[in-house]
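2 protein chains.
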Amino acid sequence: MLSKIEIPPRISPYPMQVVLVGATVNDKPNFLTAAWMNRLNGSPPLWGVAIGKKQYTLEGIKEHQVFSINIPSADLVEKVDYCGIVSGRNADKSKLFNIFYGKLTNAPMIGECPLAVECKVFDIVDLPSTALVLGEIVAAHTEERFLTDGKIDPLKANPFVLTMPDNSYWTLGDRLADAFQVGKRLKHDSMSD
Amino acid sequence: MLSKIEIPPRISPYPMQVVLVGATVNDKPNFLTAAWMNRLNGSPPLWGVAIGKKQYTLEGIKEHQVFSINIPSADLVEKVDYCGIVSGRNADKSKLFNIFYGKLTNAPMIGECPLAVECKVFDIVDLPSTALVLGEIVAAHTEERFLTDGKIDPLKANPFVLTMPDNSYWTLGDRLADAFQVGKRLKHDSMSD
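Those protein sequences? They're chains A and B, same order as listed.
Sequence positions in the first sequence follow the numbering used here and run 1 to 193.
Sequence positions in the second sequence follow the numbering used here and run 1 to 193.
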């Protein structure tokens, strides 16, 4: 009945968020583009990012036990992509952005990003090829112009996402539905069954 | 210079992928909508999903040590939202979808989803309010009609994403740029500096 086929299991979910991870590495701010990132716990607020074990940025995170996660807007796509294909070992990325600091001395944040959070390391989970860095958010920084009713407005923040292996960045499309609302119709349907 | 303001740190990154986690719970297929999910390791292929500790689905994952992750298309938004607001403790979700199985007896997958992966539990990381379930992908299932050149085509698979706290689902928008390519321009610029 179902015409399912198998594809190789080494695949990516889609679409993935694109973020820049900031850290102080060898006394200099450095930024790594990452897509294996998400919120993982509500209270305390923990975000987790999986970083290749040999990544330069990971050295700085381990040394200082703090880092930042910055969510870029679509107009930054060229710089964001650059930070994913060029290592801080070979290039100085500290001049790419307007850097600012909040509460943590060694968590450089990107002024151009509509949202930047500074984190202290909550734990690092050792996985076979990555380090899953769990960060507890110490403070979150944005600007009034990205808010509507005090909340980040996705249309103003204008994020982009990544799909693989077609290797594409995409903007947000149409607003499809109200989350935690649209499904209530089915709840009422089943109650009347 | 920068007009940054602080917002409360209990926030979500954006936009988040929306998936359905499938498991056998009390001998019945059940599906939970989750957004705190991502790829976390390349080889072996590990995806991780953070699930509230009291979620019904988690009981089935722990019992059978297998589960599925299903990436829905936008036309399923109503059912997907329903699976996020109604617990399997109170409603039978086993009739919502065409269910199929692959290699694992207790990892029910959703026929309507363009991509479904079946996973065995690699590890469960105990976080303060969630269980981070790490799944090793045993097999990935799709259909020819969602592929272009043998790869999942995002325009055909038509996924959607979630933003919070504005609580919106969004479709994919325009293709913004080539990933791992568009940033090379800056590489050449800096080399010529």
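No lab work stands behind these hints, which were simulated from the structure alone.
Please note that the accuracy of each hint is not assured.
Pairs involving identical chains hold if they fit within one copy or between any two copies, as the list cannot separate such chains.
[What the hints assert, rightly or not] With a cut-off of at most 27 Å between alpha-carbon atoms, the simulated DSS-like pairs for lysine-lysine come out as follows:
no. : residue 1 : residue 2
1   : 120       : 53
2   : 151       : 62
3   : 156       : 54
4   : 4         : 53
5   : 28        : 54
Determine which of the earlier numbered hints do not hold for this structure and return their numbers in increasing order.
2, 3, 4
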